[in-house]
Structure formats: structure tokens, C-alpha cells
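So the chains spell out like this:
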Amino acid sequence: GAVVSQHPSWVICKSGTSVKIECRSLDFQATTMFWYRQFPKQSLMLMATSNEGSKATYEQGVEKDKFLINHASLTLSTLTVTSAHPEDSSFYICSASGVGGARSYEQYFGPGTRLTVT
Amino acid sequence: TQLLKQSPQFLSIQEGENLTVYCNSSSVFSSLQWYRQEPGEGPVLLVTVVTGGEVKKLKRLTFQFGDARKDSSLHITAAQPGDTGLYLCAGGSYNTDKLIFGTGTRLQVFP
Chain P
257 GAVVSQHPSW
267 VICKSGTSVK
277 IECRSLDFQA
287 TTMFWYRQFP
297 KQSLMLMATS
307 NEGSKATYEQ
317 GVEKDKFLIN
327 HASLTLSTLT
337 VTSAHPEDSS
347 FYICSASGVG
357 GARSYEQYFG
367 PGTRLTVT
Chain V
121 TQLLKQSPQF
131 LSIQEGENLT
141 VYCNSSSVFS
151 SLQWYRQEPG
161 EGPVLLVTVV
171 TGGEVKKLKR
181 LTFQFGDARK
191 DSSLHITAAQ
201 PGDTGLYLCA
211 GGSYNTDKLI
221 FGTGTRLQVF
231 P
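Residue numbers (the numbering used here), protein chains in the order written: chain P, 257 to 374; chain V, 121 to 231.
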């Protein structure tokens, strides 16, 4: 149980274009989803927290107009990188929580999306 | 700002050796999770500890949450090449759903 998928697993785009990444909870309802960014050989950096039906809460230093997050349902959240630039190239990972009960504080991670902007 | 520092940062050992990874903070956490991440994949949850002083065992892995809920350790007995990966601790907050991730420990186990 508690499976999270991401699509696509990797994407290459040209500078100036926008890219959408989907995160789905497959076998549970995710009341909260999180988006992280990870640079090579480093730990995870939280970008934003999203709750179903409400606006995402962005971490300090993350541009909300550049990284658009939508949490339209209890099983789907999307991250859109707008007007991508090479410095946006990274590994983006989503996680979801809300399995319920006493373990609702645990986060279950998707497999990640490797974005390369050329 | 809550920070979780892991040590060591890197660890390279031979198969069969034992090792301990430490996760330390000056902040108190409501829970502490340990994850393992392999290259190009998302982190996989190994264990959650929620009670100060709690010890959990998962086959050759032993996890401990400090009495004061500020630190944790992961001990691996008789490491195997399959244990290779990035180990991340993450602390839960009393006030939010967010996790504070540790700096990570990269483990390499050679056959």
C-alpha cells in the first residue's frame, strides 16, 4: 500500500518552454502532497506543500510564479515549471501523506522526475 | 531553523562490516523517519519512530530514537552490497505536516 507515481520519469525541454510533472497517489487519498527538489549527491529540499483544493504553500526562496502547483483532487498534484531555464534542471520528487490514522504524518515518495533544460 | 545533521557524510565499507549512522539536532521532533534512496529513484520509507527511547529492528537494521527526541541512530549489522544507497533521516514537526530532512549519509558496501 501507499504507492505514489510520477510522470514523466524524465523529460528534456528547451529553454523558455514549460513542463508539467504529475504526482499521483495510487491506492490512498493524499490530503497533503509535497514537492521536493534534489541536486546531485545532496539531500532533499522542500519546495512547497499542497493541500487538496487550496493554494500551495511555498518555502522561502521558491518562486511561486515559476513553479506552479495544483492539487486538484485527493490523488493528483501537478508541478509546472514555467519558462524553464538550464538552472532549473534537477531531480524533482513528490511525496504524499494522508494514509490516515496514527500514521498520517508519514510521507510516501514518488520515483522522481529528472528534468533537463537545454 | 530546524536542522538535522547526519554523520558520517560518506561511508565506504566491506561486506560483513557493521556501521552506525547518526542523525542529530538541537530541535525536538514529534517523529523521526529513516529513508533509503537509490540513484535515480525516490526515497523509500524504512521505519518511523515516535516515542523517545524507542528502538525498532528491521532484519539487520536497528533504529533508535533518542530519549529527548532530538537525535536518532541507524545501525546496520553485517552490511551487504544491497544496503548501498543514500540514507536520509527526517524529523516530523508538531505544528505542520512538513518533514525536516537530514543532510544524508551515502553508504557504499563493497563485496
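Calculated directly from the structure, the hints in this document are not laboratory data. A virtual CB, placed ideally from N, CA and C, is assigned to each residue, including glycine. Any given hint could turn out to be false.
[Stated by the list, open to error] Here are some of the chain V residues that sit facing chain P, going by a computed Cβ distance under 7 Å: (1) 159; (2) 161; (3) 172; (4) 173; (5) 215; (6) 217; (7) 223.
Hints versus structure:
no.	hint	in the structure
1	159	violated, 10 Å
2	161	holds, 5 Å
3	172	violated, 16 Å
4	173	violated, 18 Å
5	215	violated, 12 Å
6	217	holds, 5 Å
7	223	holds, 5 Å
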